[in-house]
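Protein chains: 4
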Amino acid sequence: MAVIFGDNQYGKAEIRLVHVTRDRDRHRIKDLSVSTALRGDFAAAHLVGDNSHIVATDTQKNTVYAFAKEHGVGEIEDFALRLGRHFVGSFAWVTGAKISIEEYPWERIVVDGAEHPHAFCRAGGGTRTTAVTVEGGQEARAWVVSGVTDLVVLKSTGSEFTGFPRDRYTTLAETTDRILATAVTARWRYASTDVDWAVAHADVRRILLGAFAAKHSLALQQTLYHMGEQVLQAHPEVAEIRMSMPNKHHFLVDLTPFGLGNDGEVYHAADRPYGLIEGQVTRDDAPEAGQAWRAIPGF
Amino acid sequence: MAVIFGDNQYGKAEIRLVHVTRDRDRHRIKDLSVSTALRGDFAAAHLVGDNSHIVATDTQKNTVYAFAKEHGVGEIEDFALRLGRHFVGSFAWVTGAKISIEEYPWERIVVDGAEHPHAFCRAGGGTRTTAVTVEGGQEARAWVVSGVTDLVVLKSTGSEFTGFPRDRYTTLAETTDRILATAVTARWRYASTDVDWAVAHADVRRILLGAFAAKHSLALQQTLYHMGEQVLQAHPEVAEIRMSMPNKHHFLVDLTPFGLGNDGEVYHAADRPYGLIEGQVTRDDAPEAGQAWRAIPGF
Amino acid sequence: MAVIFGDNQYGKAEIRLVHVTRDRDRHRIKDLSVSTALRGDFAAAHLVGDNSHIVATDTQKNTVYAFAKEHGVGEIEDFALRLGRHFVGSFAWVTGAKISIEEYPWERIVVDGAEHPHAFCRAGGGTRTTAVTVEGGQEARAWVVSGVTDLVVLKSTGSEFTGFPRDRYTTLAETTDRILATAVTARWRYASTDVDWAVAHADVRRILLGAFAAKHSLALQQTLYHMGEQVLQAHPEVAEIRMSMPNKHHFLVDLTPFGLGNDGEVYHAADRPYGLIEGQVTRDDAPEAGQAWRAIPGF
Amino acid sequence: MAVIFGDNQYGKAEIRLVHVTRDRDRHRIKDLSVSTALRGDFAAAHLVGDNSHIVATDTQKNTVYAFAKEHGVGEIEDFALRLGRHFVGSFAWVTGAKISIEEYPWERIVVDGAEHPHAFCRAGGGTRTTAVTVEGGQEARAWVVSGVTDLVVLKSTGSEFTGFPRDRYTTLAETTDRILATAVTARWRYASTDVDWAVAHADVRRILLGAFAAKHSLALQQTLYHMGEQVLQAHPEVAEIRMSMPNKHHFLVDLTPFGLGNDGEVYHAADRPYGLIEGQVTRDDAPEAGQAWRAIPGF
Chain A
39 MAVIFGDNQY GKAEIRLVHV TRDRDRHRIK DLSVSTALRG DFAAAHLVGD NSHIVATDTQ
99 KNTVYAFAKE HGVGEIEDFA LRLGRHFVGS FAWVTGAKIS IEEYPWERIV VDGAEHPHAF
159 CRAGGGTRTT AVTVEGGQEA RAWVVSGVTD LVVLKSTGSE FTGFPRDRYT TLAETTDRIL
219 ATAVTARWRY ASTDVDWAVA HADVRRILLG AFAAKHSLAL QQTLYHMGEQ VLQAHPEVAE
279 IRMSMPNKHH FLVDLTPFGL GNDGEVYHAA DRPYGLIEGQ VTRDDAPEAG QAWRAIPGF
Chain B
39 MAVIFGDNQY GKAEIRLVHV TRDRDRHRIK DLSVSTALRG DFAAAHLVGD NSHIVATDTQ
99 KNTVYAFAKE HGVGEIEDFA LRLGRHFVGS FAWVTGAKIS IEEYPWERIV VDGAEHPHAF
159 CRAGGGTRTT AVTVEGGQEA RAWVVSGVTD LVVLKSTGSE FTGFPRDRYT TLAETTDRIL
219 ATAVTARWRY ASTDVDWAVA HADVRRILLG AFAAKHSLAL QQTLYHMGEQ VLQAHPEVAE
279 IRMSMPNKHH FLVDLTPFGL GNDGEVYHAA DRPYGLIEGQ VTRDDAPEAG QAWRAIPGF
Chain C
39 MAVIFGDNQY GKAEIRLVHV TRDRDRHRIK DLSVSTALRG DFAAAHLVGD NSHIVATDTQ
99 KNTVYAFAKE HGVGEIEDFA LRLGRHFVGS FAWVTGAKIS IEEYPWERIV VDGAEHPHAF
159 CRAGGGTRTT AVTVEGGQEA RAWVVSGVTD LVVLKSTGSE FTGFPRDRYT TLAETTDRIL
219 ATAVTARWRY ASTDVDWAVA HADVRRILLG AFAAKHSLAL QQTLYHMGEQ VLQAHPEVAE
279 IRMSMPNKHH FLVDLTPFGL GNDGEVYHAA DRPYGLIEGQ VTRDDAPEAG QAWRAIPGF
Chain D
39 MAVIFGDNQY GKAEIRLVHV TRDRDRHRIK DLSVSTALRG DFAAAHLVGD NSHIVATDTQ
99 KNTVYAFAKE HGVGEIEDFA LRLGRHFVGS FAWVTGAKIS IEEYPWERIV VDGAEHPHAF
159 CRAGGGTRTT AVTVEGGQEA RAWVVSGVTD LVVLKSTGSE FTGFPRDRYT TLAETTDRIL
219 ATAVTARWRY ASTDVDWAVA HADVRRILLG AFAAKHSLAL QQTLYHMGEQ VLQAHPEVAE
279 IRMSMPNKHH FLVDLTPFGL GNDGEVYHAA DRPYGLIEGQ VTRDDAPEAG QAWRAIPGF
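One line per chain: the protein sequences are A, B, C and D, in this order.
Just so it is clear: in the first sequence, position 203 is 241 by our numbering, and no numbers are missing.
Just so it is clear: in the second sequence, position 6 is 44 by our numbering, and no numbers are missing.
Just so it is clear: in the third sequence, position 69 is 107 by our numbering, and no numbers are missing.
Just so it is clear: in the fourth sequence, position 274 is 312 by our numbering, and no numbers are missing.
Calculated directly from the structure, the hints in this document are not laboratory data.
From a predicted model like this one, the values you see are computed outputs, not experimental measurements.
Treat the hints with caution; some may be incorrect.
[As the list claims (entries may be wrong)] 25 Å max Cα-Cα, derived BS3-like pairs, lysine-lysine:
| hint | chain 1 | residue 1 | chain 2 | residue 2 |
| --- | --- | --- | --- | --- |
| 1 | C | K68 | D | K107 |
| 2 | C | K107 | D | K286 |
| 3 | A | K107 | B | K286 |
| 4 | D | K286 | C | K286 |
| 5 | A | K286 | D | K68 |
| 6 | C | K68 | B | K286 |
| 7 | A | K68 | B | K107 |
| 8 | A | K107 | A | K68 |
| 9 | C | K68 | C | K107 |
| 10 | D | K68 | D | K107 |
| 11 | B | K107 | B | K68 |
| 12 | A | K286 | B | K107 |
| 13 | B | K286 | A | K286 |
| 14 | D | K286 | C | K68 |
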């Protein structure tokens, strides 16, 4: 037997870029965390410390900042595609690049009833993400997986959990009315790169929220599938969607020792453990995923 | 010399309570983290392990949940006052109680243009807080310090920093146009307990945001003072306000090595170190603070 | 086209189990976070909310605690195998289980020169992990991937970075003496389940630390490969190893404005961004990985 | 009434400094997070944005790095005193400085049975801290409060909790054998600045651990007081000690539904809520604390 060098990648993680677009005194901001990862022929660095193929991660960081100036940022999918194509197109030995971006939401501060032109407050409602994979040099192919994380949602009713199997270790009571709460991480793969990213993202997010809210839930699994199905039915440009949804348990507090009832009013919100429900909804005619999901935390 | 037992307190921290008010199918939720701390004669427990005065922290937790059912939650200031008065009124040896509450913001999910009656999404814009101190048994006095934390704001222009002294260790260049970003922690002490808590809190928060946005800033210190001054001028029921504001540095990236300018467009958002500006704005006729600020992280 | 239900799994995450073994007054403790994930035929729950196949995550949690009593814990690999085989063996529709465990290190407190029999202090040196996959019902196959995370190491010299390519965006200077610091996450797949887990784990960890320390580093990639190679050469029972190593940058502070040199003495430890180097070292005759790496954060 | 400018301070927080002392090829490292805070006449900055008194936080950061080179670091108490005296001695309007330092523990990696001269692994056992206050210009006074945080300890037996009062809201059962676990934050004030900091700190830490381990605990309050008392009895140079100890609850899992007993073997380690016990042990002849505790999170 022989020891051999296997799969590998490297890059710069969590490059914090804030980009300001100034339209007279009305500004727009993009607040991003950009991570780059390159694949290719890096064997010499690993085996003998020859760095002639190692595009420094510092150079990758510089490239992100310089591109923000040279080309602007725009939608994060476009920015990631531009960066990925640059890396695979500029270095013969770099055969793949994954550019992952998180975009943090801000809203304008309102002063005297009017939006302030350049003052902002961090908003809630989750973080927009994209993970773009580019492979193959001059005629590179590209895959775009966009998504949302930390989209924390809760229904105070309209959720049941009954009919599950009971074995020796089962103590959970059935319930026809519980709190359902989760922090949605959804990632969807676009079938092409010819998409109106901003419009598509906003609408997928809207559908996810609406489906979570409107669906009477018999299981978090059912809610998850319903959310994905609604997205795919409305968006032919989405090939598949993967969701990871922790079941953030809210336990009805037993108040009977105090002579009190508790008809769905007082809950203890638990941290750990939590259920973790993960699933994929796809199309029967989805184009191949290729390297799209590589290095994305998965299931 | 002799070793002596000094100051002390104990309680239950971070009791996670979610309370649902059901008005037919339209629900309201309160999502809280409640911490209790009692003061009084606990010497025997410390000196000889005699727990006859130690109201168990588990009992304190139960009381929080039971009170949520018996009396509802309402505004967090009222809930904290009720709990604090209970503890000092129920146990002769308990002479003081501090009830600290964080309230997490949620907004209703919109489905087909209408607010869903019982589905919610976690919002941004900071966490509402209160820290209520009750002292003195049957004729207890009470102080209320409410506030907001994690109110993350940013101005992309309208901020300068010039005219600071230069010594041997000074390298910072003066600037007349920078990003100003911070995460506001503000805590204000009410002059009485006869306040419309919800209205007052919402308006103080509105003023803080508006003052941050509107004030052309020559120093973060100036912005801080202006924010506090605006609050006190508008709210006679506020005796004083204390603010802690990290200067979340955004550094203009030097793009000259790449032959590029950078006219306030591309910034690196740094994590550490950060400036930390802390200050108090008060009134010349503010009533005494008493124990109001005890055990609140301060400066 | 039709929307179809794809890949999925679910389970209970971060079950916090502390197990005490009492040997008269000398105790041993195991402090674990256990996560379970099941695969199988769960389509009905997703499609129509029929939970008859959904082994409740609460039941999974109960099983973990009950097994700790019934069978003890022992080495985490054995505990995970026992749990995984239980789930695939007990429910006809469950075809796969992944049991992931983190074990937190404790050391005995020393009192008057002797180890206390039942008092402990949390130790450093990283967290021991395992991720066990069991597939296939009665004649289940199993894969064991053990590892270490948060193993934070630093060399104050013996690290260079030179000879990297320079393009338009390169500004980094070459260096022949820098601090090399990282937080090692290593995961290694055992070729079989017939291993002395405790002995193997301790020795792999020892080798990783020793290789990091002893190897003069021309690139973090070289250090990573060397660490893996040393493990594989010493441990035939290890089929492959994957490592993820952030380059935790320590920047030499420029003290020239203050008329001071800085010959490798004063460094700024940066948080973000950081380099991220990931690689695999394997054998040419390694048995197939099967499902071993599924759902493990990867590259 | 008039709005007035009150208390205030500002500085640079969490300056991450790693200092290397090279004794031929054997290196020593100090890994610190340093925070500075200045008090004095900063009214003009707050009121009108006049920064002529505002020693830039960037300058404060530079000073920390430059001092590490010019004077070395040594013990963190000495380093903090040196910095604090510099700030109050250099600027007429700066009347007070608080320098807070955290020092992270590292141990040498052992290779082939010998300590490696310049390779290190992050250790456990808590973080060493100091908070030094200097007041008053040329004839400045100074207070030193040193401590330890994140010292996580656990006893698997030797802890009881009985005899506590029972009211309507009490459900907790008494126990004569439970797990006692906490994360000690201790801060002790030295009576002078003429102390062998390293020796004193190591011994106080040793006593805290030993007292926690050896004391049969009837209440966490009793353990806390005992720990402090032991420190004061052994260290006349310590004027007082304050401790904050969360009661990290470990709940015995009820296994009776599974037909199993649980004789102190299987515990669920809970995150929140937790008890929080805080207390001070002092001397009857302790010198005045002055500003020593200002701005230290307290109780």
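Q.
Could you work out which of the previously given hints the structure breaks and list their numbers from low to high?
A. 1, 4, 5, 6, 7 and 13
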